[in-house]
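Protein chains: 2
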Amino acid sequence: MRIVVLKFGGTSVGKISKIKKVAEIIENYKKKKYKVIVVSSAMSGVTNDLIKKSKEISKNFSDTEYDVLVSSGEQVACSLISGRLNHKGLKSRSWLAWQIPVYTEGFHKNSRIIKINKSKILKYLKEGGTPIIAGFQGINNKDRITTIGRGGSDASAIMLAKFFKAERCVIYTDVEGVYTTDPNKLKKAKKIKEISYEEMLEMASLGAKVMQPVSIQDARLNRIDVEVKSSFVRKSGTLITKKSNITQNKIITGITSTNNDAKITLLGVKDKPGVAASIFKPLSEKSINVDMVVQNISANGKETDLTFTIKSEDLNKTKNLIKDNKKINFRKLVLENGVSKLSIIGVGMVTTPGVTFRMFQTLANKRINIKVISTSEIKISVLIDKKNTKKALVALHKEFKLDK
Amino acid sequence: MRIVVLKFGGTSVGKISKIKKVAEIIENYKKKKYKVIVVSSAMSGVTNDLIKKSKEISKNFSDTEYDVLVSSGEQVACSLISGRLNHKGLKSRSWLAWQIPVYTEGFHKNSRIIKINKSKILKYLKEGGTPIIAGFQGINNKDRITTIGRGGSDASAIMLAKFFKAERCVIYTDVEGVYTTDPNKLKKAKKIKEISYEEMLEMASLGAKVMQPVSIQDARLNRIDVEVKSSFVRKSGTLITKKSNITQNKIITGITSTNNDAKITLLGVKDKPGVAASIFKPLSEKSINVDMVVQNISANGKETDLTFTIKSEDLNKTKNLIKDNKKINFRKLVLENGVSKLSIIGVGMVTTPGVTFRMFQTLANKRINIKVISTSEIKISVLIDKKNTKKALVALHKEFKLDK
Numbered sequence: 001m002r003i004v005v006l007k008f009g010g011t012s013v014g015k016i017s018k019i020k021k022v023a024e025i026i027e028n029y030k031k032k033k034y035k036v037i038v039v040s041s042a043m044s045g046v047t048n049d050l051i052k053k054s055k056e057i058s059k060n061f062s063d064t065e066y067d068v069l070v071s072s073g074e075q076v077a078c079s080l081i082s083g084r085l086n087h088k089g090l091k092s093r094s095w096l097a098w099q100i101p102v103y104t105e106g107f108h109k110n111s112r113i114i115k116i117n118k119s120k121i122l123k124y125l126k127e128g129g130t131p132i133i134a135g136f137q138g139i140n141n142k143d144r145i146t147t148i149g150r151g152g153s154d155a156s157a158i159m160l161a162k163f164f165k166a167e168r169c170v171i172y173t174d175v176e177g178v179y180t181t182d183p184n185k186l187k188k189a190k191k192i193k194e195i196s197y198e199e200m201l202e203m204a205s206l207g208a209k210v211m212q213p214v215s216i217q218d219a220r221l222n223r224i225d226v227e228v229k230s231s232f233v234r235k236s237g238t239l240i241t242k243k244s245n246i247t248q249n250k251i252i253t254g255i256t257s258t259n260n261d262a263k264i265t266l267l268g269v270k271d272k273p274g275v276a277a278s279i280f281k282p283l284s285e286k287s288i289n290v291d292m293v294v295q296n297i298s299a300n301g302k303e304t305d306l307t308f309t310i311k312s313e314d315l316n317k318t319k320n321l322i323k324d325n326k327k328i329n330f331r332k333l334v335l336e337n338g339v340s341k342l343s344i345i346g347v348g349m350v351t352t353p354g355v356t357f358r359m360f361q362t363l364a365n366k367r368i369n370i371k372v373i374s375t376s377e378i379k380i381s382v383l384i385d386k387k388n389t390k391k392a393l394v395a396l397h398k399e400f401k402l403d404k
Numbered sequence: 001m002r003i004v005v006l007k008f009g010g011t012s013v014g015k016i017s018k019i020k021k022v023a024e025i026i027e028n029y030k031k032k033k034y035k036v037i038v039v040s041s042a043m044s045g046v047t048n049d050l051i052k053k054s055k056e057i058s059k060n061f062s063d064t065e066y067d068v069l070v071s072s073g074e075q076v077a078c079s080l081i082s083g084r085l086n087h088k089g090l091k092s093r094s095w096l097a098w099q100i101p102v103y104t105e106g107f108h109k110n111s112r113i114i115k116i117n118k119s120k121i122l123k124y125l126k127e128g129g130t131p132i133i134a135g136f137q138g139i140n141n142k143d144r145i146t147t148i149g150r151g152g153s154d155a156s157a158i159m160l161a162k163f164f165k166a167e168r169c170v171i172y173t174d175v176e177g178v179y180t181t182d183p184n185k186l187k188k189a190k191k192i193k194e195i196s197y198e199e200m201l202e203m204a205s206l207g208a209k210v211m212q213p214v215s216i217q218d219a220r221l222n223r224i225d226v227e228v229k230s231s232f233v234r235k236s237g238t239l240i241t242k243k244s245n246i247t248q249n250k251i252i253t254g255i256t257s258t259n260n261d262a263k264i265t266l267l268g269v270k271d272k273p274g275v276a277a278s279i280f281k282p283l284s285e286k287s288i289n290v291d292m293v294v295q296n297i298s299a300n301g302k303e304t305d306l307t308f309t310i311k312s313e314d315l316n317k318t319k320n321l322i323k324d325n326k327k328i329n330f331r332k333l334v335l336e337n338g339v340s341k342l343s344i345i346g347v348g349m350v351t352t353p354g355v356t357f358r359m360f361q362t363l364a365n366k367r368i369n370i371k372v373i374s375t376s377e378i379k380i381s382v383l384i385d386k387k388n389t390k391k392a393l394v395a396l397h398k399e400f401k402l403d404k
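These protein sequences, in sequence, are chains A and B. Residue numbering for the first sequence follows the working numbering, starting at 1 and increasing by one per position. Residue numbering for the second sequence follows the working numbering, starting at 1 and increasing by one per position.
Hints are computed from structural coordinates only; laboratory data are not their basis. Warning: the hint list may mix true and false statements.
Chain copies aren't distinguished; within one or between two, either way the pair holds.
Said to hold, decoys possible - Simulated pairs of lysine-lysine, PhoX-like, Cα-Cα distance not exceeding 20 Å:
| # | residue 1 | residue 2 |
| --- | --- | --- |
| 1 | K88 | K59 |
| 2 | K59 | K243 |
| 3 | K323 | K33 |
| 4 | K142 | K59 |
| 5 | K20 | K52 |
| 6 | K88 | K52 |
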């Protein structure tokens, strides 16, 4: 059987007219003789409305009932899609997690799919049926409804693709694919045809809009080809696949930039084990998200300087937490608001010398000062003045030939 | 165990503030040491909105998917009620039909509950839990979600009361109980304290607003005491029970009246078997609801007169259907629009002579002409001019001492 898993996000099923469009997309795959497994999210807005209701009921709304509540949204979307396919004369039905079942473990609101019973769905596929499976939900070993924390319906789709050995998992959403950089920031941004799992993970700040990183990681671990595309326009999207499948030959795949970051440097921190942990523990407790962390080697073996970035709005709170922290010693605290992290990402840089130099030279030519540098195998990130972000983005996008 | 089943209708859970009120009502029963089983409808408006969506998807929306779609409404309401009880520190959880299970048979959209697996709920009650059970839904022997056609959540509540041998089934709704007559038509209408199942069934035109006749019949067959009351005001409602439990001593329990009826008389119909069926078959096919049917004995053994009532708006359609009906013969067709059916109901009339006379005398005193008379053991219905309805209602309400 040639199986394909099609996942439709909330905006793809947000209106009745869009659900009709979704039914057409499914029909087209059926015409190509695929066995189609569909996964749907709730109609856009529905889940948020249910969450709002739960908060009005209680500020500490029960986790178990939360899962019962919000999972109703996918139930509605799936029945409407099935109903539309039936209307077109196609054999289709909705499948809720308990009917398959899809088993999860872990806590409520944050469960993971561990097993999918294949027999009923396989039988249904063989009979020519198109199952419309409620994403985001499962049941646990007590027959309670659970929801998949991170990844949501994307995670459901990836796991279904894994268990049913699907040829491909297509994620339909409201964007046309993954772009070389955020098209809202740079009009010249181009849709990427193919991207490796690893690059996609590094591009999380772009990728999160199309797919949760945790689901990309699931796809990577199970070697599932994932195509991200729009349900509104008939154009090919972006294929997320393994490195060896990539036929394009670009050194750099994409560029990401952040807004509204702040930089904090602790000068003269004692260079001994546990210091970094002592610095970050109170921040983590207050849910302050630390992004880039850079620490140079100690010049004198006793002291070092530690720099990290956070969101601008957390700067004051972070400053106070550090000042009030009795467990750490440092000579001076340097704060800088209004910085931006710029990253170039590409598996090509592993085998291509001089990428780092080209990036730095490009920025230097534009008289943009680099404050901090951090690199991984397939990514180089620099911290620059926020006001230079656009200029840097344009220059690098051109330098690495992403405009074409 | 002293078990009570509490059923909350759509308006009782129509807003978050009302759900909080519902949680208080449940808490009060718990304080009285009852084991409480709760059945909830969907929040008012939700089911209609879902049905509207289904119609937009297809004019022939699949029955199986319809059940999946609309049953989601009860799921939401139940999780919110449970969440609120949890918030108050009470042990409670939602139970969907498949989790219990509640088994049904019959067609989708119109199933009947045939069995309720008691073990899990009994265990939960013994542990001190308050189960909030989704009304209106069940599953069939193929593990598909079904909905209960007529009666809806009321039927669920009555069947739960039956299977769990509940002391009482309380139907919470947006009216305070059953009245001697429609309070919108007669301000002097009084709330009835106790009423027999049989009277309640005869008062369907009033009763339908508080409870579906099919559920009253279920309660009657299973001898379940049903209390209808408001979830908004703390007042006792109306107890629907068996005749022998009725402590009140009124001859007449209530008076009902219809609006916008039309009367059709076929004069000189052939008096032979099958004629009535031939008359009503085409009406039934066009979903024209025939209410009162009266046929006198044949004076000459050959011909008879047949009178029946329908809704005013169906008069023209009905006239044409009768004229076009080749299977029947009659001498003359007499049509009259603007009539009203007035009924007095009460088990007391069985043992009290002269009730019929008193009704007719009362109307005669007011110079109200009686067009047609039809009686059952506990009901007398007359057809009068619509313009006299209010006058007749007032006079009869007084005559049978219902004002007090």
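Each hint tested on the structure:
Within a single copy, K88 and K59 get their C-alpha atoms only as close as 44 Å, which misses the 20 Å cut-off; across copies the closest is 12 Å, which meets it. With identical chains, the CA atoms of K59 and K243 are never at most 20 Å apart, being 46 Å at best within one copy and 48 Å at best between copies. Taking CA atoms no more than 20 Å apart as the test, K323 paired with K33 passes in neither setting, with 65 Å inside one copy and 56 Å between copies. Taking identical chains as interchangeable, the C-alpha atoms of K142 and K59 are never at most 20 Å apart, the minima being 26 Å within one chain and 39 Å between chains.
Taking the shortest Cα distances, K20 and K52 sit within 20 Å of each other only across copies (15 Å), while inside one copy they are farther apart (28 Å). Taking identical chains as interchangeable, the C-alpha atoms of K88 and K52 lie at most 20 Å apart only when they sit on different chains, with a minimum of 19 Å there against 36 Å within one chain.
Taken one by one, the earlier hints fail for this structure at numbers 2, 3 and 4, listed in ascending order.
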